[in-house]
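Using the sequences provided together with the hints, build the complete structure.
Keeping their order, the protein sequence lines are chains P and G. The numbering of the first sequence is numbering that gives the first Met the number 0, which starts it at 0 and goes up by one. The numbering of the second sequence is numbering that gives the first Met the number 0, which starts it at 0 and goes up by one.
The hints are simulated quantities; they were obtained by calculation from the structure and are not laboratory data.
Examples of chain G residues lying across from chain P (beta carbon under 10 Å, computed):
1. E81
2. R87
3. E122
4. L246
5. T251
6. Y260
7. E387
8. F405
9. V411
None of these values were measured; they are calculated from a predicted model. From the three backbone atoms N, C-alpha and C, an ideal C-beta is built for every residue, glycine too.
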Amino acid sequence: MADDKTRTVDDHTTTQDRSHDPVPAGDAPVVPADAETFEVVDVRRGMFGVHGTGDTSGYGGVTRPVAMPPASQAPFGPGDGPGWFDDVHDRLATLADGTDAIERVVVDRGEITFVVRRETLLDVVRHLRDDAALRFELCSSLSAVHFPHETGRELHVVLHLLSMTHRRRIRVETTCPDADPHVPSVVAVYPTADWQEREAYDMFGVVFDGHPALTRILMPDDWQGHPQRKDYPLGGIPVEYKGGTVPSPDQRRSYS
Amino acid sequence: MTDTTYDAYAGTSESTSGPVFTVTGQDWDTVDASAVDGDRIVVNMGPQHPSTHGVLRLILEIDGETVKDARPGIGYLHTGIEKNMEYRTWTQGVTFCTRMDYVAPFSNEAAYVAAVERLLGVEDDVPERARTIRVLMLELNRISSHLVCIATGGMELGALTVMTCGFRDRELILDLFEAISGLRMNHAYFRPGGVAQDLPDGAVEQLRDTVALLRKRLPEYAALCNANPIFKGRLKGVGHLELDGCLALGLTGPVLRATGYDWDLRRTQPYWGYDTYDFDVVTWDEPDAYGRFRVRLEEMWQSLRIVEQAIDRLEDTAGAPVMVDDPKIAWPARLSVGSDGQGNSAEHIRHIMGESMEALIHHFKLVTEGFRVPPGQVYAAIEAPRGEIGCHAVSDGGTRPYRVHFRDPSFVNLQGTSIMSEGGMLSDVIVAIASIDPVMGGVDR
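What follows is the structure in structure tokens.
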């Protein structure tokens, strides 16, 4: 991961167990030998979303890093030893030889995620569909996730592939920055991704290069903005009833 | 404008490919017939059309009665459910997602709670009785959903008797849902860790009575339709789509199984003990609207078999827990029906208000703040009546989902509209869409 030049969040990578104990600011974290390396994508402070006023809640000192499961090392499993996760990984690494396609592999909760560079996405899914040992015939789902604090890789595009032949599921993930939200379209390989890419464009503004007709699908054609991005408010209009006012959902107290 | 017949949406305009005449009905005489001869007619059908299965808009290019080009337009029922769920606790999410595919609400809840339970790592801790109740509700829901499909599909091609029969029998199942979950629709009955409450007294007897009644009623559909020459004439050969087309376009469920491929997640990737139930995966060898109808008809019988086995198991496990044994996840209150409807049971209120301040604090914290879910992402898929419904849930370690995405089978299957309809007759478009059985609440979410 250290030699990965496409990533700009390496300095956020730290070591942290799952209990989310507050990390004292300024102190170098003590690294237990058996701790897993989590990828910190955000750090939240305080609770109840209160900022800019005096801390009356007593929770102002709480610091909670948001850490996603870390990259895994072979053998991937499932289970302790090598399993079909390794078979898929090795076969894919062989087929995509020389392109450095697989950025990292994350095995978490019995599911495997291949994080690939966006330039190689189309090649990777083509191999995954066509190779007899892989044979992921069906693209179950394609969607996006917005991580506004992951500088340089804010938008994640996530594909869930299903091999009916081998009865396996994998996840393929690729990222792109907000400043350049372009990801190659996989419609040429999986025609079913047509509407799902349109939805991801509609909701997140990810531009799928090569899509036959990338237009809005759920929102009206002339809608401004992409509603499921994290910087897009929910509602934004307070509810008024008989003089009382209920703030819009994104303005209510939340347990950050 | 003094002319009362003026219509802003009608009239003639010029475009790069020649004149465009827009007519809205009863004004065809305004079109210059000499100019349109042999040219394209684009018909906008819906979203407020009685036979498009909800607020589905179809943009059809027709040549006489033949459809040259069919494009569905969706989004008229978009309510932002996925976005809304990011602002509620993980438990409240069930209340939102149950409203997506309102004909099969339990499938939505099932995919969501399966994803949350995997994120929490409590999949194996969900009690056996809760799983059995879920299977029972899912299979009853499959029957009621297929009944709606057959009923509305029949209505759209003029078979009104099928419709009245279908809704009559669906009502029996909705009565069961009301007795068990408290609501006919939008149940929010499955919760992360189990189900909201155990079966009420007398539910097993009621279930047995309804199953017996359904066993009497279901043959009526076969008798009414299977060999009916008009019904077969309308459905056979319509909406043809082979296996490779289904996989390329992502169609699952009865549409896929009508091609002869026995792909059913209940059998191929079992969840909640489906591998311990005795049932057959139904297939058909003609991938057309008639084949899909027959697959659904037979699937109702198979679901009835599973329901009967589930009832037996529920009798054996009476009194067993229906929620995971973890006070940090399990909803603290027990629900009961009082004089003013369903709510927290009187015993629970007495306990938290009169006996234990700690219990009150616990109740308050869990209900308002919710529980934290360790960060990560999962994808859980189950077999809904319309195909694979998947839930991609992402947690950032907080008390609310960071992102929830639903792979709704109606949304994906609707992409088959064009290939099923183009080249066929205008009247067959309706049949083809009815055979996909999209529910627009699920398509638009």
